[in-house]
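Just so you know, we're using numbering that gives the first Met the number 0 here: the sequence shown kicks off at 0 and counts up by one.
It cannot be assumed that every hint is accurate.
For each label pair, taking beta carbons as the anchor points, the in silico distance ranges come out as [claimed, not checked]: (1) Asp63 - Ile36: 31 to 39 Å; (2) Lys58 - Lys92: 18 to 26 Å; (3) Gln8 - Ile49: 17 to 25 Å; (4) Met0 - Asp39: 13 to 21 Å; (5) Lys93 - Ile49: 30 to 38 Å; (6) Val96 - Ser7: 30 to 38 Å; (7) Glu2 - Asp63: 58 to 66 Å.
Derived pair list, reagent style DSS-like, types lysine-lysine, alpha-carbon separation capped at 30 Å [to be verified]: (8) Lys56 - Lys92; (9) Lys3 - Lys88; (10) Lys27 - Lys56; (11) Lys86 - Lys27; (12) Lys93 - Lys27; (13) Lys3 - Lys58; (14) Lys93 - Lys3; (15) Lys92 - Lys27; (16) Lys35 - Lys3; (17) Lys58 - Lys27; (18) Lys93 - Lys35; (19) Lys89 - Lys3; (20) Lys90 - Lys27; (21) Lys3 - Lys90; (22) Lys93 - Lys58; (23) Lys86 - Lys3.
It should be emphasised that the hints constitute simulated quantities derived from the structure, not laboratory data. For glycine and all other residues, C-beta sits at the position ideal for the given N, C-alpha and C.
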Amino acid sequence: MEEKDRNSQLFFSLVAMFQTAAMQQMGKLINPVTGKIERDLEQARFSIDILGMLQEKTKGNLTDEERRFLDHVLFELRLNYVDEVEKDKKKEKKEDVESTSKAEADTEGKDMGGKEPGEGPGKGASP
Numbered sequence: 000m001e002e003k004d005r006n007s008q009l010f011f012s013l014v015a016m017f018q019t020a021a022m023q024q025m026g027k028l029i030n031p032v033t034g035k036i037e038r039d040l041e042q043a044r045f046s047i048d049i050l051g052m053l054q055e056k057t058k059g060n061l062t063d064e065e066r067r068f069l070d071h072v073l074f075e076l077r078l079n080y081v082d083e084v085e086k087d088k089k090k091e092k093k094e095d096v097e098s099t100s101k102a103e104a105d106t107e108g109k110d111m112g113g114k115e116p117g118e119g120p121g122k123g124a125s126p
């Protein structure tokens, strides 16, 4: 096998390795070691950033096929990453709304003075 072909195969393997790692870190693929879905968006961002750095450092040195592959992988990973970040934001917002609703429900029925309905001046209390 020619050195150039070997390097090209190694390049594809390297990109695919980081792609798989990022997809696992985003919880899109099962971790083959643990057999579980695990999410670590910080690590996913790091894996994507490494591929972005590789793209910058290899500009002008890749074949068209290598460049297209790396561009496609980065595009796909970045879309998935944004999707996962948005899911977290929606989940946080939903949890905030639920906790606010619960707090409002807990205080419902009490007036501003913290009294239960029916309590107040002239209701069983001497003035």
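(request) Quick one: which hint numbers does this structure break? Sort them smallest to largest. (result) Hints 2, 4, 6, 7, 8, 9, 14, 16, 19, 21, 22, 23 contradicted; others consistent.
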